[in-house]
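Residue numbers (this note's numbering), protein chains in the order written: chain A, 1 to 445; chain B, 446 to 890; chain C, 891 to 1335; chain D, 1336 to 1780.
Just so you know, the hints here were simulated from the structure itself, not pulled from any lab data. Mixed in with the good hints there might be a few duds.
[Stated by the list, open to error] Just the calculated beta-carbon pair ranges, DEER-fashion: (1) A1558/D with S787/B: 36 to 46 Å; (2) R136/A with D1237/C: 43 to 53 Å; (3) D1682/D with A1113/C: 32 to 42 Å; (4) S1674/D with E32/A: 27 to 37 Å; (5) K1076/C with R136/A: 51 to 61 Å; (6) R938/C with D792/B: 36 to 46 Å; (7) R1498/D with D792/B: 56 to 66 Å; (8) K1076/C with P45/A: 24 to 34 Å; (9) S1674/D with K272/A: 45 to 55 Å; (10) T838/B with T359/A: 41 to 51 Å; (11) A1558/D with Q1193/C: 23 to 33 Å; (12) T393/A with K1076/C: 43 to 53 Å; (13) D965/C with T359/A: 28 to 38 Å.
Where is the CB? At the ideal position from N, CA and C, for every residue including glycine.
Protein chains: 4
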Amino acid sequence: MAANQGLKIAVIGGGSSYTPELIEGFILHHKELPVTELWLVDIEPGLRKLNIVGSLAKRMVQESGLPITVHLTTDRREAIAGADFVSTQIRVGMLDARARDESIPLKYGVIGQETTGPGGMMKALRTIPVILDICRDIEELAPDAWLLNFTNPAGMVTEAVLRYSKVKSIGLCNAPIGLIKQVSAKYNAAPDRIYAEFVGLNHLHWITRIDVEGEDKLDEMLADTAGYSAKNVPAREWNPEFLQSLRALPSYYLKYFYMTDAMLEEQLTSAKQGANRAEVVKRVEEELFEIYSNLELKEKPKQLEQRGGAFYSEAAVNLMRSLHNGTNDIQTLNVANRSILSFLPEDASIEVNCVVTKTGPLPLPLTRNPPMAKGLIHAVKTYEQLAIDAAVTGDRSLAIQALAHHPLVPSVEVAITMLDEMLEANREYLPNFFAGKEAASAAAE
Amino acid sequence: MAANQGLKIAVIGGGSSYTPELIEGFILHHKELPVTELWLVDIEPGLRKLNIVGSLAKRMVQESGLPITVHLTTDRREAIAGADFVSTQIRVGMLDARARDESIPLKYGVIGQETTGPGGMMKALRTIPVILDICRDIEELAPDAWLLNFTNPAGMVTEAVLRYSKVKSIGLCNAPIGLIKQVSAKYNAAPDRIYAEFVGLNHLHWITRIDVEGEDKLDEMLADTAGYSAKNVPAREWNPEFLQSLRALPSYYLKYFYMTDAMLEEQLTSAKQGANRAEVVKRVEEELFEIYSNLELKEKPKQLEQRGGAFYSEAAVNLMRSLHNGTNDIQTLNVANRSILSFLPEDASIEVNCVVTKTGPLPLPLTRNPPMAKGLIHAVKTYEQLAIDAAVTGDRSLAIQALAHHPLVPSVEVAITMLDEMLEANREYLPNFFAGKEAASAAAE
Amino acid sequence: MAANQGLKIAVIGGGSSYTPELIEGFILHHKELPVTELWLVDIEPGLRKLNIVGSLAKRMVQESGLPITVHLTTDRREAIAGADFVSTQIRVGMLDARARDESIPLKYGVIGQETTGPGGMMKALRTIPVILDICRDIEELAPDAWLLNFTNPAGMVTEAVLRYSKVKSIGLCNAPIGLIKQVSAKYNAAPDRIYAEFVGLNHLHWITRIDVEGEDKLDEMLADTAGYSAKNVPAREWNPEFLQSLRALPSYYLKYFYMTDAMLEEQLTSAKQGANRAEVVKRVEEELFEIYSNLELKEKPKQLEQRGGAFYSEAAVNLMRSLHNGTNDIQTLNVANRSILSFLPEDASIEVNCVVTKTGPLPLPLTRNPPMAKGLIHAVKTYEQLAIDAAVTGDRSLAIQALAHHPLVPSVEVAITMLDEMLEANREYLPNFFAGKEAASAAAE
Amino acid sequence: MAANQGLKIAVIGGGSSYTPELIEGFILHHKELPVTELWLVDIEPGLRKLNIVGSLAKRMVQESGLPITVHLTTDRREAIAGADFVSTQIRVGMLDARARDESIPLKYGVIGQETTGPGGMMKALRTIPVILDICRDIEELAPDAWLLNFTNPAGMVTEAVLRYSKVKSIGLCNAPIGLIKQVSAKYNAAPDRIYAEFVGLNHLHWITRIDVEGEDKLDEMLADTAGYSAKNVPAREWNPEFLQSLRALPSYYLKYFYMTDAMLEEQLTSAKQGANRAEVVKRVEEELFEIYSNLELKEKPKQLEQRGGAFYSEAAVNLMRSLHNGTNDIQTLNVANRSILSFLPEDASIEVNCVVTKTGPLPLPLTRNPPMAKGLIHAVKTYEQLAIDAAVTGDRSLAIQALAHHPLVPSVEVAITMLDEMLEANREYLPNFFAGKEAASAAAE
């Protein structure tokens, strides 16, 4: 960005139902984040949604009276060229692929979760090559741009970018900001007066310290197990004795690891009843696009907040503002480990508090170590690294090793059989594995 | 040992059925390991076995004509005082406790394995305080003695000694020597012309390199999956594609982790048929002691070799010889990690090749890293460290955390419920957990 | 501090000539740092100065109209009890000792510098036991207080507190804030728009990055060698070719290491002319106290700024404000290394950028490594650690090793001979070395 | 080497006066090291010496009656092709260059030592590119060969090969074997009953443990300061108080660092008297070649032992035997650090005890750390790494940084001025620095 110009932002997967939240953020914070060009990009199959949501975006901007131009395009390179920020929220294979990611493992008695579960590995195999393609464009057309990645599995995608491209990249999740808001509400304290220390991986973090206005509230939070849940993970309660001896608040996604039997049963029951999370999301999305199509609508509709991904856009806008202004404030992000977790490689992505400087986030050393969590973090990270390498190389051996070492997979035999079925089902999205095949296509998340 | 005197050796748990093998070793290698005093120690409840096996030991020594005096005693301190080597092969709670270690987890659908499984944790809780008591005696009465630990779970027991005493200690397992013998037979090569690189934990190791007379035979060994099995682990075959992509030969105990579903099923089936490993061992032992009672027997009986612990005594005698003579040869031992595995603490016990110097074993750096294994090693080590600390402190919170983070335990709820039952069943052996209770008693392994 | 009360601050060495600057800071920033009790402590020999400066402090506060009570005392414990912040600016042995620190080494052809030079070691031997005594009081009477240490050698004193007490301590230097101000003036940019990355030890740091409003200005700064100097280090210019190949701006104290021959010659010349730094400082101090004694004076006099320690108080007040309010801003401080410099122990004190959270400073990972500096940093830190241990134990062997490994000392023989003379000259201040001797006495810095 | 064939050995710099010792070694140990082809290589200017020493070699072999063929050649590639071992003992610029290495620094009041001193840096700049050229040949013509490097500065040369080639390389020095022999003689104990723990860099090591037949003799050795000296370093005695507090025996080369003033004075005095080490060596060499020319001589002459490099060939033959037979014995070698010294990079060369396996040496963890030595080791290694990179790239900036950070250089100004003179004096041997210049030529060491 030239000093006297506004910012150019490219949103890959711009047809996402989340986009109106992002637009709202750009409008509200225009002063500190002077966006002048906003490019919403999507692929052909996502064009209908892009037009609906893009049209709403234009109405929202017009209503605000701000000098923001909204561009809708399927030309990714045009959108990226010269951008200051690129964000990605894509879903390679769209919701149908997600349905498969979640249902195939269940056949084998394995939790079919789309981020930290085996389903997440298939998502990674489909997604990482597409993201790295986008990175090639950024390296060429906007080498100084920041890539803000929301695409799940966000931890693995971020690490793939760190290790296999030169793009400056940060992974984002809405869980940390959600926890801060929950604590803020519980104690009626301003968010910037809360210091919550996160450690772990994306969707696999522990919170080891919660200071509210300088007072340690961790024990109180641990005692309030009922209050700590999330819309997109079934709300089983934590065992209080376990939490107290853990001395940390686990991410709600950790229920897949700490309550494996119950979570699996719940998924199997839902599946029998014909429901799965992908289907639910699909219905919610359709309703949202119906609402967005209403030409009278000129603001983010309330219903969007029930979508499950609340705060995603707030997280994104916060991060862009801090990077743009060098505010040096603290945010929880997915970045390279450096030496924060001494047992992981320096280039492993971790989820950790960072101070956001003008030239990027610097991860903060931990004030409290979670000794119980080390092994699980390392086990999942080992799986993740094998899966990333499998995605990049298309090497079936690595995919076998990744799945066989996933803590939720009960045996090598299940790993291999399940992998074969999952690979076959995703054949069209895995050119690295099935050479000579058509390229993957990615619609908005 | 004064320069012109022979060596004094104390065997804690001397009434073990393994003892005749040890006696045979001392007789065969008397020249390089000039034992003059051999003390077999056991507790009151083990006195019958001690007398039977001790009597056989005396006959064996007499037959050899060597100047070795065999002492049988229940006075541990007398045996330890001034000893050059102390070896332990004890079983706190005897085989009945093992039966419970293996059967209780099965009720909860969890593998009941006595070393790396949850059963091993109960064994650790019973055993570690007894071993540390022995260490207090060694610190006082034989501060320069080496403690050779065969007591399972050998990795955890060794680490407990490393972290909670000043005794110089080494953990031993027969698996590595077994692998060398197998390779030696397969290739008709002398054992000292084979270099096999072990890495991992006790009963949780991988072999990443097998050189036979300077030639790399790993791939051949990986291809020969049928040949690689062990008497005390059911002989399921490894998936060849998995082994080849792993690029390492896993310990047969790793079947509990890599074939969890099948191994569990097998255990459940056996249990239904009224059999369990503890019962089998019990019967074998009774037969052995019957044989030992034959006054005409003056040598190690052949039947002992089918006991499953073959090579234990060979490993022990080898190690004592090397320490005594400072031979600087290479053996696979359980020792402090130092910086061999960079992701584990320096005082974690690992199983690794060491050069045995006069002043102790020095672990050798790895020439090949097993990247796939890191996570599993770390996960099990994390569990082990929590369990060791639980054993030393009697802290129920640590026991909960240990079990909840064990890779074979499916949930926190199962961990806590199962733990409660296992603690209750072992009440008399857990004075640290049940204050004011009687001290634990330990008979021979 | 109770929520509705003001802060209590204890200044050990309150009779220092720097104190008026501190008072000014408390007055200017009373809103964010609501000090209500200010205790200036000194020892008997410093009472005259304490009264002069304390009287000025009271006049300054009265003029401000703020509700701050100023207490003057020789009772350190009364001052510390319940304090929120304790700052130390003491000089054990006063300026006469400094004169000896600087002159004795010169006899042996060694630079007599009072912080990073051998003179600094004598200062450390005298000072560390006194500071640790103060820490014992803080541990007992104000366990939650922050200790802000300005006492030189600040790096070694801070590390001694980190390793030998439980007090929460931070070391401070005015050099980093000075550099920021210089850059700010040069580029006419607000200080909070400058990010300068410091790495190294106290008085031994390198600046590897200087961003001004997001633009990299390091090369410009490296080219402007004339502009980069300091009042209390002779202004020799840096060799431009050296600076450019170093890719970092060295602290001006590094001239003692990078221009050893010239700096030594300069000191020898000055010494011949009867001047030394200690004498100069002594004269400046006397003039200042004359000025302070003027009862009409009700503000910090301009002349104080020429004292050489400009910005010390600004640094102190900034740090207290940030700790009190949890502002999470970035300051350059002396704190425990953790894993920032991977080649140093975790508890080594280093000088590094930190984000100042409510519960203390967290050191920020480096964005640029200074590969050339590693060896020198490690050499000086090795000396420092030996010297700290010598100070705490009074072990002459450690003092010999410290001095013999100091990069500015040309040989073991010089180290031992010089040490003997320095120890003897400081006998009354070294009770750890000369048992049965009188306790050291410390007047204000 | 095919299984039924003998070994081929190439000696680069075969015209060295040391060669007869090597021949003697090959003859004495032919059984364990069945050499059949021995190629002595040298460059044109060294042809006279090569012929003299080669002719002696042939007479020695003939006298032995062994089936060894000795080839003399200036065709390096022919000698290397298919070799099992390549050893290098070259001197780029020959003794005249050494004379300059040692005399130029003295002009600037700097010790002119040819290995760890600034003279060693010039030697490194001349030598490393030639060694890397040899490595290119080995990579192509004998990729499985071991390169045994005796060429000084052996630590830097070895590290250059580790970092800039794929050749399997080990650096060797005669100092460790010399220490063992000295201890062996003092205690009348067999060398294999002595365990001396070395740690540090080539010519910069400390011995932290000396066990003789299992007994700790370090203190006795430290007390016997007179006994510990070497022919090629002036025999100043160590200060006993220093040694005892160091708790380690320093290499005699460490006198340049621990007695800098005295060693410099000695060098200056010698220089005034017209003597320097290079000149002395030159005279000794001439005498040796006179002796070698005697056609009646058919064995290694006694006079060779006074040359200063005693045991070099013994070290070489020992190492080849152990590698060839996989004896797993312990030798002190220059190898990659891995994680032995945690503060150095993994690929830094260090001098350390190794167990020599069939597939190479594995460095042994330290049983005792030398905490006082860390800083100096790191400072010298930092200089070494900069100098290696300067040699490879011809980057003057790196050479400036290397010399400016050398602990024996008093200032940046001296570093730059001295460097300029040394570069100019070596112009013909530094094609990387003076592009378009003739290639360097290397005669035997």
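Hints and how they fare:
no., hint, verdict
1, A1558/D with S787/B: 36 to 46 Å, "39 Å, holds"
2, R136/A with D1237/C: 43 to 53 Å, "45 Å, holds"
3, D1682/D with A1113/C: 32 to 42 Å, "34 Å, holds"
4, S1674/D with E32/A: 27 to 37 Å, "47 Å, violated"
5, K1076/C with R136/A: 51 to 61 Å, "40 Å, violated"
6, R938/C with D792/B: 36 to 46 Å, "56 Å, violated"
7, R1498/D with D792/B: 56 to 66 Å, "32 Å, violated"
8, K1076/C with P45/A: 24 to 34 Å, "55 Å, violated"
9, S1674/D with K272/A: 45 to 55 Å, "53 Å, holds"
10, T838/B with T359/A: 41 to 51 Å, "47 Å, holds"
11, A1558/D with Q1193/C: 23 to 33 Å, "60 Å, violated"
12, T393/A with K1076/C: 43 to 53 Å, "50 Å, holds"
13, D965/C with T359/A: 28 to 38 Å, "50 Å, violated"
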